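In order, the protein sequences belong to chains A and B. Just so you know, we're using our numbering here: the first sequence kicks off at 1 and counts up by one. Just so you know, we're using our numbering here: the second sequence kicks off at 1 and counts up by one.
Just so you know, these hints were derived from the structure itself, not from any lab. Every value quoted in this text rests on a predicted model; they were computed, and no experiment measured them. Here a beta-carbon is modelled for each residue, glycine too, at the ideal position from N, C-alpha and C. Be careful, since some hints might not be right.
[What the hints assert, rightly or not] Which chain B residues face chain A? A few, computed with CB under 10 Å, are given here:
no.: 1; residue: Gly-22
no.: 2; residue: Val-42
no.: 3; residue: Lys-44
no.: 4; residue: Ile-45
no.: 5; residue: Pro-98
no.: 6; residue: Asn-106
no.: 7; residue: Thr-115
no.: 8; residue: Arg-117
no.: 9; residue: Ala-204
no.: 10; residue: Met-246
no.: 11; residue: Ser-258
no.: 12; residue: Gly-308
no.: 13; residue: Gln-314
no.: 14; residue: Phe-325
no.: 15; residue: Arg-330
no.: 16; residue: Lys-363
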Amino acid sequence: MTENIGKVVSINGNLVSVEFEGNVSMNEICYVKVDNTALKSEVIRIRGKVAQIQVYEMTGGIKCGDEVQFTGDMLSAELGPGLLGQIYDGLQNPLPILAEQAGWFLERGNYADGLDANKKWEFTPTAKVGDTLRAGEYIGTVPEGPFTHKIFVPFYLNGSYTLKSIVEKGEYTVKETVAVIADERGKEIPVSLSFKWPVKRAVRCYSERLAPKETMETKVRLIDSFFPVAKGGTYCTPGPFGAGKTVLQHTTSKYADVDIVIIAACGERAGEVVETITEFPELTDPKTGHSLMERTIIICNTSSMPVASREASVYTAVTLAEYYRQMGLNVLLLADSTSRWAQALREMSGRLEEIPGEEAFPAYLESYIAAFYERAGYVRLPDGSTGSVTIGGTVSPAGGNFEEPVTQATLKVVGAFHGLSRERSDARKYPAIDPLISWSKYSSVIDTKKSDYCKKILHEGEEIDSMMKVIGEEGTTLADFITYLKEQMLDAVYLQQNSFDAVDANSGTDRQRYVTDKLIYILGSEYSLSNKEDARVFFNRMRQKFIDWNYTEFKTEAFNKVENELDAIYSEGGGTLTTSAELLLKDGE
Amino acid sequence: MNKVFNRIESIAGSVITVKATGVRYNELAQINTRFGKSLAQVNKIDGDTVSLQVFAGGQGVSTGDEVRFLGHDMRISFSDDLLGRIFNGSGEPIDNGPALHDNMTNIGGPSVNPTKRILANRMMRTNIPMIDMFNTLVVSQKLPIFSISGEPYNQLLARIAMQAEADVIVLGGMGLKYDDFLYFKDELSKGGALSKTVMFIHTASDPTVECMMIPDMALAVAEQFALQDKDVLVLLTDMTNFADSMKEVAITQEQVPSNRGYPGDLYSQLAARYEKAVDFANSGSVTVLAVTTMPGDDVTHPVPDNTGYITEGQYYLKGGRIEPFGSLSRLKQNVNGKTRKDHRALMDGMIRLYSAYKETVEKKNMGFAMSRWDEKLLKYGELFENKLMDLSVNLTLEQALDLGWQILAECFEKDETGIKTDLTDEFWPEQSGGQ
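Here chain A stands alone, though its shape is the one from the complex (with noise of 0.2 Å):
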């Protein structure tokens, strides 16, 4: 720590002026003293001998004239065993630490550290004296639940380190040096089990990037099956609110197919933090066997908790995310809701009196976004093996609208968009991600073919559909009125999904595509009905049993006679398959 003090002179909300002598970084943390308490700050902006300083607290009782005590160092996230299962604010400091110490309420100038200093992990050395090391590269493991948690070089040093010394296998604490390194002029740095990285840095220690080519199952059928999502990818989830974001986000939690789950609970409601923390200990992630719990770190800085913390905490989850990538791992990152981060990218650039931009959002709103979902990214670690962080975001646009800057911006940058409509929710459909605005770049889980088919026949129902509402039903042909039912089956039976049922929401890769190939030869197939009256009865038969197909587990019993029943119905509807469909269904195989 620096001895480099300052005093304040003027305070407007959360931004607070502060003359210094000596020198100041960019982001540096600095500590507001008042009433006993130092509150903490980051550095963003420098005019000659004066700091602004934002405060990631609330700033009442402050004067001028008060001392300012600035550190030297930016803000950063403790990194090292013991993250996994925490819930953290957006400083990373444990939530249920702080509620011991201060009880009810979240006290200003109460912190803590971010990994717990007396807990003893089991290390064993995997490097030997003389080895030669940089940054990245690991020196030992301690197993943390499910996973070996690799003891890595620290990821700030430059160039190769010389093994000087390493301890034997046993129990340290995080702080503990086990190992000393020296650089090539021989100065000796001790290791820890633990060190810090500035959250605002992306971590770079891989050998090279990789294009995403794996799709990360959700086993949400209209994602994986026409909107993927690749390992390593981007996508975002805009919506109006009650559109489901939120509940889509916490399903993917549960069901994606990753090592580890981040979940940054960025200035949205504190109750589905509560249903989070009070779920997931009772859930067992099916990989591992362990508690859902075990695999997942929360970082929540709800709505009603300083601004300036929320605008660090999706930088504290991606650091988070990226570090343990760096072991070789598949890691989720969920950022609920992106918008409230830039609205308080917004609320300081105001503050600073910034010239501002669309919808007074700064002009610089467009390349942060670009550099955060940029730290998502599939790579290859210095010792050979991959690993990848995937990040998605929701979007909450004002009115529901998408032409607004923040989901204009988050478009230009991620690889999936899932865009939410409010007609599908109310019309109580989950997911409701609408088919007909929605793309992904990514490969998907069923032949692309397949999955072009059926959003021909989407698209080709919604025109039919919106042609009916001007001339009515009995104006439609019985070909088109077909198709119709045709895209309301395949809409009720695979894109609308029951997340409270265990089977059905729980969807896999290989049901996907054993239940498409059904699918497409019921939508590609021709049927001897007379009339309208008989082909709706027919389809709602046919779109009843699906559903109840859908309820059971794959590859039983129950399935396999359900799927029987499908077929005498069919039979019955003299279904014929058409070449096209025919042709398809061969392709695949």
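Assemble chain B onto chain A, guided by the hints.
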């Protein structure tokens, strides 16, 4: 201790600046004008230039008036003596009762640690079927009532205040018409609920700055009662006026507006208030119902829009009824599974049929022929609207459910309702057949 300054540098709207030193951010001051004393709060300090927003407004403030800094933030006395009392936006009594000075509590305190919250899981009964049955209010929920001017939202609030199962009611009125204030007072005393009610009232003719203090005072008091194991229901009307006052002050202080003139922190400001809704483990709770009028019936207006993102659902008040479609209580599934076993199925079934009725009405208006099924739906829709949706209907949840079955039985056969057979078998009323 108290520093006095008597050189006011500038006066713009309700914001004044004085040259002063040693002043703390958010500190209160008292200013003596020719019209009497008023409170003022520090909202910006730049060197020795201190900006204050004057609660009574800038009218009549003279550059020579005396400003006395009080050395503390805005506070309010908290004790059981508050019950039955009425205060204004400066915390002064307006019911001719004595001022209270014991146990002063800060307003606008820190937020609750999320790990100390518990999952909302208790129903709050109101005996209004459209709430209890279709969009159940849950203890610790925060819900706005979206409405347009002219709708009977204050009548609805008054009824909820009298009928809701709450230990304490805190009513915050912002920009209330004086008539509405009298209406609340009369209704609550007639209904005998006044003795468990605290009112903070800002009427339309009161100064703007006081309007901004109302939610904080109401919620600070509610929070204190909740920590004393009370279930508190906070009723706020109208939050759009609150947002408009913030807009007014922000613009006067030359802040860059973001959307339709509202300040950029509108979301955070609203959230800071709504998030005070909480259920404390092993203690009391705060539930918030807040009227938000939508200018021009536009739900995308910044105030209802931001509110929708913060709250756990919304009630739409339209045409004197709580609309079943736009309205949503996001927490209802936490409680409606354990009320009566037919609750969920009946709720879903009746809403589904009502939506079919709406389609039929549309078809009818377009001149299409009505089938027998359509006739049934028309009959059903009318019964549903008159017997359940009407705001004057006052029934317990159980009575409302029974009535629901009655209505279905009057219009449909069992298997036309789409409700599971075991439920229709058990609950279908005997006496009336299908027709």
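### Query
Of the numbered hints stated previously, which ones are contradicted by the structure, given in increasing order?
5, 9, 10
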